[in-house]
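Colleague: Protein sequence lines correspond, in order, to chains P and C. Sequential numbering of the first sequence, starting at 1, is according to my numbering. Sequential numbering of the second sequence, starting at 1, is according to my numbering.
Since the hints were derived computationally from the structure, they do not count as laboratory data. The reader is advised that the hints may include incorrect statements.
Derived list of chain C stretches under chain P, where covered just means 3 residues or more per stretch with a C-beta under 8 Å from a C-beta of chain P [said to hold, decoys possible]:
#1 36-43
#2 50-58
#3 62-76
Predicted, not measured: the structure shown is a model, and the values here were computed from it. Don't be surprised by glycine CBs; every beta carbon is placed ideally from N, CA and C.
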Amino acid sequence: MDSSPANKRFAEDIAVTFPLLSDWKRKVVKDYGLLDDKSDYLARATFVVNKEGIITSIEEGRTAVDPTGAYSACSVFEKKKATTP
Amino acid sequence: MKTRIAQLAVFLLSVVFVVHGQTTTPAPTQQTAPPAAPKTFLKVGQPAPDFTLPDTTGKKITLSDFKGKKNVVLAFYVLAFTGG
Chain P
1 MDSSPANKRF
11 AEDIAVTFPL
21 LSDWKRKVVK
31 DYGLLDDKSD
41 YLARATFVVN
51 KEGIITSIEE
61 GRTAVDPTGA
71 YSACSVFEKK
81 KATTP
Chain C
1 MKTRIAQLAV
11 FLLSVVFVVH
21 GQTTTPAPTQ
31 QTAPPAAPKT
41 FLKVGQPAPD
51 FTLPDTTGKK
61 ITLSDFKGKK
71 NVVLAFYVLA
81 FTGG
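Kindly generate the complete structure, drawing on both the sequences and the hints.
Modeller: In structure tokens:
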């Protein structure tokens, strides 16, 4: 839960081209089941959400750092787009 | 690959443990293994919980604003960007 100022500095350093959000109050990590209240431990994860707002892919743990899974999930969108007249 | 990514609105939620203020250090003999990372209860096929969070400019970003418009990648990164 980096603060917005910390995120801003990071975003400037690496020139990110996507929104970098701050979940300072830990509400979203809780809603996504990534916060263990008892141990105060947090998990890394990547979710792919389609245009209907449905989760189509979940990567957790070490694999969440590797974007390969997210790329694969996104390629499904590309294939659908290519086959849709 | 880059084109594919460019077509997505990608969120990167940086998550960091705040360890400042934790002053007690257990003795070596009392150390235990760190707790396992929690596993999400969400499943593929379920609706993604909606949220509104500020970006680096203070602008509020709401997930549901992308509904019907764009696919979204949500990346939750713990201990990623600051010394926490």
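Colleague: Taking 8 Å as the C-beta cutoff, is the stated coverage of the segment 50-58 of chain C by chain P satisfied by three or more residues?
Modeller: Per the Cβ count (8), the hint holds.
Colleague: Taking a Cβ-Cβ distance under 8 Å as contact, does the segment 62-76 of chain C have three or more residues in contact with chain P?
Modeller: holds (count 13)
Colleague: Taking a Cβ-to-Cβ distance below 8 Å as contact, does the segment 36-43 of chain C have at least three residues touching chain P?
Modeller: holds (count 8)
Figure legend: structure checked against the earlier numbered hints; every hint is met.
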